[in-house]
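Take these sequences, add in the hints, and give me the full structure.
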Amino acid sequence: MKLFLECTAVILIASVLGIGSAIYVVRHPPEDLTINNGPWRTSLELGSEENSIYIRSTVALSSLFALNRKETIYYAARTDSDNEPLRSDCDYRVDGRDLEARWWSITLYGEDFFLVPNNKHKYAYNGKTVVRNRDGGYLIDISRNEQGANWLPPGDDDQFYLVLRLYNPAQIVYEKTGEIELPQIIRGECR
Amino acid sequence: MKRYLLLSAATLVLAVLIHLASIVWFPNLIMTYLQHRFQTKPGFGVNQPYHEPPITSAHREIVMPSPDLLYSGIGFDLSEKPLHITAAVPDSYWSISFYDFNTTNFYSVNDRQVNDNRLDILLVAEGRDYPDPGSATVVTAPYPKGLALIRMLIEDQQRIGDYLDIQKQLETDQPE
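If you're matching them up, the sequences are chains X and Y in order. Numbered per the working numbering, the first sequence finishes at 191, counting up by one with no gaps. Numbered per the working numbering, the second sequence finishes at 176, counting up by one with no gaps.
Hints are computed from structural coordinates only; laboratory data are not their basis. Beta carbons: idealized from backbone N, C-alpha and C, even for Gly. The reader is advised that the hints may include incorrect statements.
[Unchecked claim] Covered by chain X, according to a simulated footprint, are these stretches of chain Y (three or more residues, beta-carbon under 8 Å):
#1 15–27
#2 44–57
#3 60–74
#4 97–105
[Unchecked claim] Within a straight-line C-alpha distance of at most 25 Å, the following computed DSS-like cross-link-like pairs (lysine-lysine) qualify:
#5 Y:Lys168 with Y:Lys81
#6 Y:Lys168 with Y:Lys41
#7 Y:Lys145 with Y:Lys81
#8 X:Lys2 with Y:Lys2
#9 Y:Lys145 with X:Lys70
#10 Y:Lys168 with Y:Lys145
Okay, here's the thing in structure tokens:
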């Protein structure tokens, strides 16, 4: 009886530790697997056949069926340019210019990694749909109040995420992934 | 004390094994779950094209969908026969990517890499024989089961009908 209880305890504790640590690691990938560029982060291992088991699991959770790096580079932002978490009760301005890729888009997602419901069906902007400034750049306002020529509602979750997709990126994106100019995410007023 | 140390060591070793097993099998669990979800969708069939309606916030199957893309998928099973896939390819961005059951992307091709705006692929399982592919490009899947995902850029929402027509030209058949 004592042995049975001991074995049961070992299995239960090991399961909690093993599964719990696996969930934690998948939700918090090591820093050396990511490349930072201002508020944006990416991993050139996304979708790669050489992916480590950890990257593969992280991708399955948050970026399932991501294309490999030969086709697309994905940058994700969970913070603004001051490294503060992106909060739905704050206003933000995404200030950017055209990117070195055949096609690019910026999409807003809720905490659950899905599109945020809104009656205007505003979810993303890309190189063809974004309204440009006179100098060719663009400003995208993120706010619970509709505003500006380009506007995305952040929804009711506490936080939100932005994903920047570069399809068929230029060679320089691979060479200077952490250095190329990417949009700034500037926090305005918070409520 | 010695017994306590032994139990602690056993717990730790088992925890490490469970941790590694969880990490390795997590993608498979996700694929199994998705396969189950998609099998309940009207029009979904193994080795058959499935066309997702234009993406909105109502889409809650696969995380981080792009609302700028039109998606189609083929849940493939090559256990018995290879799969012949043909599709019309527009002039705008379009791609097909193949994922194995570990969610690894083992092959991709985009609109700039096909001839005459037409995709023609024979998908075969590794180590299996297959018939003469003719003009089709042979793509070898590391495992018999997986998913092909087709992405088509909606450059102009006013022309969504044209894109939906192109989407429907995705076809599959299984040669003997």
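How the hints compare with the structure:
Counting residues of the segment 15–27 of chain Y whose C-beta lies closer than 8 Å to any C-beta of chain X gives 12; at least three are required, and the coverage claim holds. Under a criterion of three residues with beta carbons nearer than 8 Å to beta carbons of chain X, the stated coverage of the segment 44–57 of chain Y is upheld, 3 such residues being counted. A stretch counts as covered by a chain when three or more of its residues have a beta carbon under 8 Å from one of that chain; for the segment 60–74 of chain Y and chain X the count is 8, and the coverage holds. Evaluation of the coverage hint for the segment 97–105 of chain Y: fulfilled, as 6 residues show C-beta separations to chain X shorter than 8 Å, against a requirement of three.
With a CA separation close to 23 Å, the supplied pair Lys168 of chain Y and Lys81 of chain Y stays within the 25 Å bound. Proximity of Lys168 of chain Y to Lys41 of chain Y is assessed by CA-CA distance (about 17 Å); at most 25 Å being required, the pair is judged to hold. Proposed proximity of Lys145 of chain Y and Lys81 of chain Y is supported: the alpha carbons are some 12 Å apart, at most 25 Å. Distance check on the hinted pair: Lys2 of chain X and Lys2 of chain Y sit about 16 Å apart at the alpha-carbon level, within 25 Å; holds.
Simply put, Lys145 of chain Y and Lys70 of chain X have alpha-carbon atoms about 23 Å apart, close enough for the 25 Å limit, and the pair holds. With a C-alpha separation of about 23 Å, the suggested pairing of Lys168 of chain Y with Lys145 of chain Y holds against the 25 Å cut-off.
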